[in-house]
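My request is simple: use the sequences and hints to build the entire structure.
Number of protein chains: 2
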Amino acid sequence: MQLTILGCYAATPRTYNHTTSQVLNIANHMFLIDCGEGTQMQLRRQKVKFSRIKHVFISHLHGDHFFGLIGLVSTFNLLGRETDLHIYGPKGIKEIITLQLKMSKSWTGYGLYFHELSSNSPELIFENDKVTVETIPLDHRVYTNGYLFKEKEGDRKLLMNEVLNYDIDKAYYRSIKKGKDVTLEDGTLVKNELLTSAPPPIKSYAFCSDTAYLPSITNQIKGVTALYHESTFLESHEHLCKPTKHSTAKQAALIAKEAEAKQLILGHYSTRYDDLQLFKEEAETYFINVTLAEDGKRFSFD
Amino acid sequence: MQLTILGCYAATPRTYNHTTSQVLNIANHMFLIDCGEGTQMQLRRQKVKFSRIKHVFISHLHGDHFFGLIGLVSTFNLLGRETDLHIYGPKGIKEIITLQLKMSKSWTGYGLYFHELSSNSPELIFENDKVTVETIPLDHRVYTNGYLFKEKEGDRKLLMNEVLNYDIDKAYYRSIKKGKDVTLEDGTLVKNELLTSAPPPIKSYAFCSDTAYLPSITNQIKGVTALYHESTFLESHEHLCKPTKHSTAKQAALIAKEAEAKQLILGHYSTRYDDLQLFKEEAETYFINVTLAEDGKRFSFD
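So the protein lines, in turn, are chains A and B.
Per UniProt numbering, residue 1 is the first one in the first sequence, and the count goes up by one each step.
Per UniProt numbering, residue 1 is the first one in the second sequence, and the count goes up by one each step.
The set of hints was computed from the structure by calculation and includes no laboratory data.
Everything numeric in this text was worked out from a predicted model, so none of it was measured.
There may be inaccurate statements among the hints.
Under the rule of at most 27 Å between Cα atoms (straight-line distance), these lysine-lysine pairs were calculated in the DSS-like manner [to be verified]:
(1) B/203 - B/178
(2) B/242 - A/105
(3) A/102 - B/91
(4) A/54 - A/203
(5) B/91 - A/94
(6) A/94 - B/102
(7) A/180 - A/203
(8) B/102 - A/242
(9) B/105 - A/91
(10) B/91 - A/105
(11) A/105 - B/245
(12) B/102 - A/102
(13) A/54 - A/150
(14) A/102 - B/105
(15) A/91 - B/102
(16) A/91 - B/94
(17) A/297 - A/49
Here you go:
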C-alpha cells in the first residue's frame with residue numbers, strides 16, 4: 001500500500017502548492033482521492049500513469065477538492081482513453097461534469113460512470129476480491145464523505161511440512177488456504193490451525209477531509225494502518241472550527257488515538273500558517289506517529 | 001501596452017506548461033483573456049495582482065480555454081474580494097460557473113457579472129474613455145470569439161510656443177487639444193494644425209484563438225499593433241485543419257500580412273511537435289515579425 005500526496009493545502013492553490021488530491025495504490029488499484037485544480041499536472045509530475053486510474057473518490061463539492069476533475073475527465077478523452085472511469089462523489093457532481101462536456105460538445109469516448117452519494121450512514125461503495133471501499137460520513141458545511149480503503153484478508157499460508165506430513169492431496173490445498181479443516185481417508189479430522197499460519201496482516205487507509213471534530217468515526221476506522229485527517233487550524237484558532245466545520249491538529253491526533261491508528265498524516269493546512277512544524281508538534285502531544293503531508297510526498301506502508 | 005502569456009498550449013496542460021491564458025495591460029486595465037486550468041497559479045507566479053483583474057474574456061467553451069475560471073472566481077471570493085468582476089464569453093458560461101457556486105454553497109461576496117455572447121457579427125462589448133473591446137467572430141467547432149482591444153485616440157499635443165505666440169487664453173486649451181480651431185479676439189481664425197501636433201499613435205491587440213483560417217477578419221484588425229493568432233499545426237499537417245477547425249503557422253502569417261499587423265505572436269501549439277522553432281520558421285516565410293508565445297513570456301509594445 002502506497003500513498004502519494006498531490007496536494008494538501010486548504011481553500012486555494014498557492015504559487016507552487018496544490019489543493020487536495022492524492023493517489024492510493026492498494027491491492028493493485030490506483031484510487032484517486034479528491035481532485036483539486038491542477039491535479040492532472042501533479043499526476044504527470046509524479047509520473048502516475050493516467051490509464052491506471054479507474055476510480056475517483058470526491059469527498060465534497062468545495063472547489064479545493066474537485067475543480068481539477070473536469071480537466072482530468074477531458075484530458076483522458078483527448079488522449080484517446082478507452083478504459084471506463086468511475087467517479088464517486090456527492091449528488092450534483094454528475095450535473096457539473098456533464099454540463100461542461102455538453103457545452104464543449106466533447107462527450108467522452110470512454111465509459112464515464114457516476115456513483116452519486118447522499119447517505120448519511122457508512123456505505124460499502126466498492127468491493128472486489130482484494131479490497132473494499134466504504135464512505136465515512138463527515139461533518140462539514142456541505143455534504144461530505146471520507147473514505148475507508150481496506151484490503152481483504154488474504155489466504156492463510158500452508159505449512160508445507162505439515163501438509164506433506166499428513167500426506168494431504170493437492171486438491172485440498174485451496175480449501176485449506178481458505179481456512180477449512182481436512183478429514184483424512186482414515187477419518188481423522190486435522191484442524192486448519194495445524195496446517196496453516198495466519199495470512200499477512202491487512203492494510204487499510206482512512207481519508208478524512210474536510211470535517212469538524214467527529215469522534216463517532218473512530219469505531220469505523222478502528223486499527224487503521226494510516227489515517228489522513230484534516231488539520232486546518234492549530235488549537236490557538238480552535239474558535240474558527242465551529243463556524244467553518246474544520247478540525248485542529250490536536251483534534252486530528254485525538255481521533256487517531258481513539259481509533260488506535262498506526263499512523264496519522266496531517267494535511268489541509270490553512271494559509272494563515274507559515275510554519276507547518278507547529279501542526280506536527282501540536283499533534284504529537286496526543287499521538288506518537290505523526291507525519292505532515294506535503295505536495296509530492298510518498299508514503300509506503302509495507 | 002504589455003502582454004503576459006500565462007499559457008499557450010493546445011488541448012491539455014503538460015507537466016509544466018499551461019493551456020491558453022494571457023493578461024493584457026492596456027490603458028491601465030488588466031484584461032484577462034481565456035483562463036485554462038491553473039491560471040490562478042500562473043497569475044501568482046507572474047505576480048499579477050488579482051485585484052487588478054476586473055474583466056475576463058473567454059473565447060470559447062473548450063476546456064483548455066476556461067477550466068481555470070471557476071477556480072479563479074472561487075479564489076477571489078475566498079480572499080475577500082469586493083471589486084466587481086465582469087466575465088465575457090459564450091452563452092452557457094454563466095450556467096457552468098453558477099451551478100458550481102450553487103453546489104458548493106459559496107456565492108461570491110463581490111459582484112459577478114456575466115456578459116454572454118451569441119452574435120456572429122463583431123460587437124463592441126466594452127468601452128470607456130481610453131479603450132474599446134470588440135469581439136472578432138471566429139470559425140471553430142464551437143461558438144468562438146477572438147477579441148480586439150484598441151486604445152482610443154488621445155488628445156492632440158499643444159505646441160506651446162505657437163499657443164503663447166497667439167496669446168490664446170488657457171480656457172481654450174482643452175478644446176484645442178480635442179482638435180478645435182480658435183478664433184482670436186480680432187476675428188482671425190487659427191487652424192488647429194498650427195497649434196497642435198498629432199496625438200501618440202494608438203495601440204491595439206487582436207487575440208484570435210481558436211480558429212480555422214479566416215481571411216475575412218483582416219479588415220477588422222487592419223493595422224493592429226500585435227496579433228496573437230493560433231497556430232495549432234505546421235503546414236505538413238494542414239489536412240488536420242479542416243476537421244479540427246484550427247490553423248497552421250503559415251495561415252497565421254498570411255492573416256498577419258493581409259491585416260498589415262506590426263507583429264505576429266504564435267501560440268496554441270499541438271502536442272505533436274517538440275521543436276517550436278519550426279512554427280516561427282514557417283511563419284517567417286510569409287511575415288517578417290514573428291514571435292513564439294511561451295508560458296511566462298512578456299511583450300512590451302511601447
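Checklist entry - Is the straight-line distance between the alpha-carbon of residue 105 of chain B and that of residue 91 of chain A 27 Å or less? => result holds, 14 Å
Checklist entry - Given the proposed pairing of residue 102 of chain A with residue 105 of chain B, does the C-alpha separation stay at or below 27 Å? => result holds, 23 Å
Item to check | Distance restraint between residue 102 of chain A and residue 91 of chain B, which requires alpha-carbon spacing of 27 Å or less | outcome: holds, 13 Å
Checklist entry - Can the restraint linking residue 54 of chain A and residue 203 of chain A be considered satisfied, given a maximum Cα separation of 27 Å? => result The hint holds at about 21 Å.
Item to check | residue 102 of chain B paired with residue 242 of chain A [C-alpha distance capped at 27 Å] | outcome: holds, 22 Å
Next on the checklist: Next pair to validate is residue 94 of chain A with residue 102 of chain B; report whether the Cα-Cα distance is within 27 Å.
Outcome noted: Holds. Residue 94 of chain A to residue 102 of chain B sits at ~14 Å (cutoff 27 Å).
Checklist entry - Are the Cα atoms of residue 91 of chain B and residue 105 of chain A separated by 27 Å or less? => result Distance of about 14 Å is within 27 Å: holds.
Checklist entry - Given the proposed pairing of residue 54 of chain A with residue 150 of chain A, does the C-alpha separation stay at or below 27 Å? => result holds, 17 Å
Item to check | Given hint residue 102 of chain B paired with residue 91 of chain A - CA-CA distance at most 27 Å | outcome: Since the Cα atoms of residue 91 of chain A and residue 102 of chain B sit roughly 13 Å apart, the hinted pair holds (cutoff 27 Å).
Checklist entry - Within a Cα-Cα threshold of 27 Å, do residue 297 of chain A and residue 49 of chain A meet the stated pairing? => result holds, 17 Å
Checklist entry - Taking only the CA atoms, is the gap from residue 242 of chain B to residue 105 of chain A under or equal to 27 Å? => result holds, 17 Å
Next on the checklist: Does residue 245 of chain B sit within 27 Å of residue 105 of chain A, going by the straight-line distance between their CA atoms?
Outcome noted: holds, 14 Å
Of the hints listed earlier, there is not a single one the structure fails to meet.
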